[in-house]
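In the order they appear, the protein sequences are chains A and B. If you read the first sequence in our numbering, its first letter stands for residue 1, the second for the next number, and so on. If you read the second sequence in our numbering, its first letter stands for residue 1, the second for the next number, and so on.
FYI, nobody ran anything at the bench for these hints, they're computed from the structure. Honestly, I wouldn't trust all of these hints.
Here are the simulated EDC-like pairs of lysine to aspartate or glutamate, each with C-alpha atoms no more than 20 Å apart in a straight line [unchecked claim]:
| hint | chain 1 | residue 1 | chain 2 | residue 2 |
| --- | --- | --- | --- | --- |
| 1 | B | K352 | B | D279 |
| 2 | B | K273 | A | E266 |
| 3 | A | K353 | A | D300 |
| 4 | A | K353 | A | D280 |
| 5 | B | K273 | A | E276 |
| 6 | A | K273 | B | D279 |
| 7 | A | K353 | A | D298 |
| 8 | B | K353 | B | E341 |
| 9 | B | K273 | B | E244 |
| 10 | A | K207 | A | D175 |
| 11 | A | K273 | B | E276 |
| 12 | B | K51 | B | E20 |
In silico negatives: residues of chain A with every beta carbon more than 10 Å from chain B [stated by the list, open to error]:
| hint | residue |
| --- | --- |
| 13 | G49 |
| 14 | W69 |
| 15 | H257 |
For glycine and all other residues, C-beta sits at the position ideal for the given N, C-alpha and C.
Number of protein chains: 2
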Amino acid sequence: MPDHQRAWLVLAHAFVRVSELRNLLEHFGTVGEVAAQSRSTLAATGLAGEKCDAIVSPDEKTIGRALAWLDQERHHLVAWGDDDYPEMLSQVPGPPLVLYVNGDVDAMHLPSLAIVGSRNPTQGGRRNAHDFAQHLAAGGLAITSGMAQGIDAAAHEGALDAGGKTIAFLGTGIDRVYPPVNRSLAHTIAERGALVSEYPLGSPPEKWHFPERNRLISGVSLGTLVVEAARRSGSLITARLAAEQGREVFALPGSIHNALARGCHELIRQGAKLVETADDILAELGQLAEHLRPTADDADYETLRDYLSHDPVGIDELGKQSGLTIDQLSSMLLILELHGEVESFPGGRYAKKEPLQA
Amino acid sequence: MPDHQRAWLVLAHAFVRVSELRNLLEHFGTVGEVAAQSRSTLAATGLAGEKCDAIVSPDEKTIGRALAWLDQERHHLVAWGDDDYPEMLSQVPGPPLVLYVNGDVDAMHLPSLAIVGSRNPTQGGRRNAHDFAQHLAAGGLAITSGMAQGIDAAAHEGALDAGGKTIAFLGTGIDRVYPPVNRSLAHTIAERGALVSEYPLGSPPEKWHFPERNRLISGVSLGTLVVEAARRSGSLITARLAAEQGREVFALPGSIHNALARGCHELIRQGAKLVETADDILAELGQLAEHLRPTADDADYETLRDYLSHDPVGIDELGKQSGLTIDQLSSMLLILELHGEVESFPGGRYAKKEPLQA
Chain A
1 MPDHQRAWLV LAHAFVRVSE LRNLLEHFGT VGEVAAQSRS TLAATGLAGE
51 KCDAIVSPDE KTIGRALAWL DQERHHLVAW GDDDYPEMLS QVPGPPLVLY
101 VNGDVDAMHL PSLAIVGSRN PTQGGRRNAH DFAQHLAAGG LAITSGMAQG
151 IDAAAHEGAL DAGGKTIAFL GTGIDRVYPP VNRSLAHTIA ERGALVSEYP
201 LGSPPEKWHF PERNRLISGV SLGTLVVEAA RRSGSLITAR LAAEQGREVF
251 ALPGSIHNAL ARGCHELIRQ GAKLVETADD ILAELGQLAE HLRPTADDAD
301 YETLRDYLSH DPVGIDELGK QSGLTIDQLS SMLLILELHG EVESFPGGRY
351 AKKEPLQA
Chain B
1 MPDHQRAWLV LAHAFVRVSE LRNLLEHFGT VGEVAAQSRS TLAATGLAGE
51 KCDAIVSPDE KTIGRALAWL DQERHHLVAW GDDDYPEMLS QVPGPPLVLY
101 VNGDVDAMHL PSLAIVGSRN PTQGGRRNAH DFAQHLAAGG LAITSGMAQG
151 IDAAAHEGAL DAGGKTIAFL GTGIDRVYPP VNRSLAHTIA ERGALVSEYP
201 LGSPPEKWHF PERNRLISGV SLGTLVVEAA RRSGSLITAR LAAEQGREVF
251 ALPGSIHNAL ARGCHELIRQ GAKLVETADD ILAELGQLAE HLRPTADDAD
301 YETLRDYLSH DPVGIDELGK QSGLTIDQLS SMLLILELHG EVESFPGGRY
351 AKKEPLQA
């Protein structure tokens, strides 16, 4: 419904907040109706003057450019309240009104872990970020991060190396790459995961976008892992937001002589979970798994359970037998693993686990 | 009073516990009287038969050997209830009946920190143990440990390199050195700190002595710092005892790829304080300082306060001016520092600190 999409773009370019939208919808019913109101009718709801102006007289060139962008393959506008809008993001304070997505919209619905850290990590830190992301993405978790240099990039790359899903939340418009050095990484993420931004097309990398964007990284994820971070760094903001959003915070400890372990140690002192292995994270997330809403039907889970046995079976074999796609299977198997029903083995093999006696 | 000493030795060689002694003293008033009772009178108090036998018919050769050992310079028997018996040890469950001390009895009354860890540490772990001990001993804390190879030895050496006090609690009789490779270290500790054992002279390094001895290391100390430790290691026993005794537990984090950081990480997960610098420890102990009983008179503290100013003054200068010894001063200054009255500066200089407004 292109008209509907146009209305969302008009409201988004007027920087209408979700809280304001709720009020407008109470008055006018639909976003289409909101966008069709006169200035005085809008102003009567209490909406700020400049927002009323921007709705009544939108910059048609800007809206047109966004519509043209959305016309391209794998480009999406996900609006608040849509089925495609991530449930996890709708729970956080100040959810974005719209998300511009370049890539796989479904990736945002996978259970995910944020991995963030320094832009100038040690070699060991970079390797840890990569290896944790690779292990967890292989297990079916999507890896979210901010596409910065250093830890962020290593986390995205680890997930991609596992053939897993990764999502980069941007501090610029979806059509820009920042930092430019990550151009090739951005293309790969768009092809095999998703780039996501809440900012209008063409938005430059404003300094204040990055802490704001961080709430999406932490908010969409079950937890945030900080790999290496200096004291007073952006990664600690993401971790603080994660805690405020009721998400898990994980931190990797390091040598007391490594200045980039300081931020992680500060988090641990404040209650973040100290993590030594990727399995430590899976164990903690297992306790959250009860709150995960399976994206597959119950019938699909029943089918999968029928094909699982106490001997490990490869995910490809399960796909052939069950008729479920590898994407469906890896998400479902992770959820079953987090529930303690399934155990994963090297080489992407899975087996039924004896249920614990209550 | 040699007779009294002999009576204590008789009871110690009968392995009488402090809880049993309390009962005996209620009946007979003094240890001299206890040692002079008949078997039936002792047995009537409920004391186990073999302990009654050992009191009534002590092995005179063994007692004689202990008395001969005690006759030598700097050799002491410190009995439960003596002024020399460390207050911190009298608070712990199962306090030793007697302590054999080779060295400086007063060292046991300094505020102290236990530093323990692996017998096979990494080079970095060894250096950390040494440097933390050196820094904290220079500040006036006695460093306690178990004289094992590795972290223990490095901690003792760090304290000695600072010209500070260190105390080794032994799992053998006081006249034996275990492990033999630490013979030279043992001699230096005896000369400049103290070797302490609760076991009869000649006792071999029984396996069960070491965990038992660990309760003294943790018990005499305000806190225990674990530097590097494998999971399921003796150092974790000391840390657990420290926690049970109401002492602080500190642990140094390390790389997730260092197997000897695992024990420390386990402790941190269980609530141990994550420590990056020696000053982190002083800051925590400051909160304990209110429970420290100054070993100097109030008058000595008043004298010291008179000579302190808001400009840093060297400890030597303070010694000359106040007439107090360097040993007295370093202990008093540490206590004032822990109380927040005094600030320390590089080069052993100290200045008055403005009191915080309540």
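Do the hints match the structure? See the list:
no., hint, result
1, K352(B) <-> D279(B), "holds, 18 Å"
2, K273(B) <-> E266(A), "holds, 11 Å"
3, K353(A) <-> D300(A), "holds, 19 Å"
4, K353(A) <-> D280(A), "holds, 18 Å"
5, K273(B) <-> E276(A), "holds, 17 Å"
6, K273(A) <-> D279(B), "violated, 24 Å"
7, K353(A) <-> D298(A), "holds, 19 Å"
8, K353(B) <-> E341(B), "holds, 5 Å"
9, K273(B) <-> E244(B), "holds, 15 Å"
10, K207(A) <-> D175(A), "holds, 18 Å"
11, K273(A) <-> E276(B), "holds, 17 Å"
12, K51(B) <-> E20(B), "holds, 10 Å"
13, G49, "holds, 48 Å"
14, W69, "holds, 42 Å"
15, H257, "violated, 8 Å"
Hint check: violations occur at hints 6, 15; the rest are consistent with the structure.
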